[in-house]
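We have chain A already, so just place chain B on it with the hints.
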Amino acid sequence: AQRVTQPEKLLSVFKGAPVELKCNYSYSGSPELFWYVQYSRQRLQLLLRHISRESIKGFTADLNKGETSFHLKKPFAQEEDSAMYYCALINAGNNRKLIWGLGTSLAVNP
Amino acid sequence: DTEVTQTPKHLVMGMTNKKSLKCEQHMGHRAMYWYKQKAKKPPELMFVYSYEKLSINESVPSRFSPECPNSSLLNLHLHALQPEDSALYLCASSLRTSVSTDTQYFGPGTRLTVL
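In order, the protein sequence lines correspond to chains A and B.
Quick note on the numbering used here: the first sequence kicks off at 1452 and runs consecutively.
Quick note on the numbering used here: the second sequence kicks off at 325 and runs consecutively.
The shape of chain A in the complex, shown without the other chains:
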């Protein structure tokens, strides 16, 4: 079954510390993976797509097919990074639905 697992419900770090939000997936075939972020009282925003291999707001994520992971990393966390982060996978069948992880709430403390 296709599944996205975010093992940490809450992650708390200090400003300037490195942060890693974990995402593991279960999928047969080549996955299309995303990270979305939802700041307080703001819309759900696309942060990263694995096919783009880009860095947004200092965040990067590398697809590791061997470990079936797509962890989100940032070397130096900022207070404005505090938000809810969702990892998601597209079902590449006909319906192409997004399969979501349960989310990780990141708190960056001063």
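Quick caveat, the hints were computed from the structure, so don't treat them as lab data.
The reader is advised that the hints may include incorrect statements.
[As the list claims (entries may be wrong)] Computed list of lysine-lysine pairs in DSBU-like fashion (alpha-carbon distance at most 30 Å, straight line):
#: 1; chain 1: B; residue 1: Lys343; chain 2: A; residue 2: Lys1473
#: 2; chain 1: B; residue 1: Lys343; chain 2: A; residue 2: Lys1548
#: 3; chain 1: B; residue 1: Lys365; chain 2: A; residue 2: Lys1466
#: 4; chain 1: A; residue 1: Lys1516; chain 2: A; residue 2: Lys1473
#: 5; chain 1: B; residue 1: Lys343; chain 2: A; residue 2: Lys1524
#: 6; chain 1: B; residue 1: Lys365; chain 2: B; residue 2: Lys333
Chain B only, in chain A's frame:
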């Protein structure tokens, strides 16, 4: 215009009311989605329209009725809702081509409270 817009931002309704949520995008996207999101939870898919045709209905109760009048507009008609239907209702859109990654872009949502 590179955003998905939703109106109203907030809606309070009684269980006997009829109301509608509206979603609009002018990015040329051909797929549009309705999601329901409870606090601190991921969005739950309700409906998908692809090329103005309903392609997915995730067994949503009939008190929710979607409508796609054209490729830019998506409505969600609400009737006889229950208090447990109170949530943030999100609209999203995507390009929906056969070869590209189908990235979904979200609107700000309508915060619905059913009394």
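So, going through the hints one by one against the coordinates:
1. B:Lys343 to A:Lys1473: violated (40 Å)
2. B:Lys343 to A:Lys1548: Distance ~27 Å between Lys343 (chain B) and Lys1548 (chain A) Cα, so the pair holds.
3. B:Lys365 to A:Lys1466: The given pair, whose Cα atoms are some 25 Å apart, holds under the 30 Å limit.
4. A:Lys1516 to A:Lys1473: With a Cα-Cα distance of about 14 Å, the restraint between Lys1516 (chain A) and Lys1473 (chain A) holds, given a limit of 30 Å.
5. B:Lys343 to A:Lys1524: At roughly 43 Å apart (the allowed maximum being 30 Å), Lys1524 (chain A) and Lys343 (chain B) break the hint.
6. B:Lys365 to B:Lys333: holds (19 Å)
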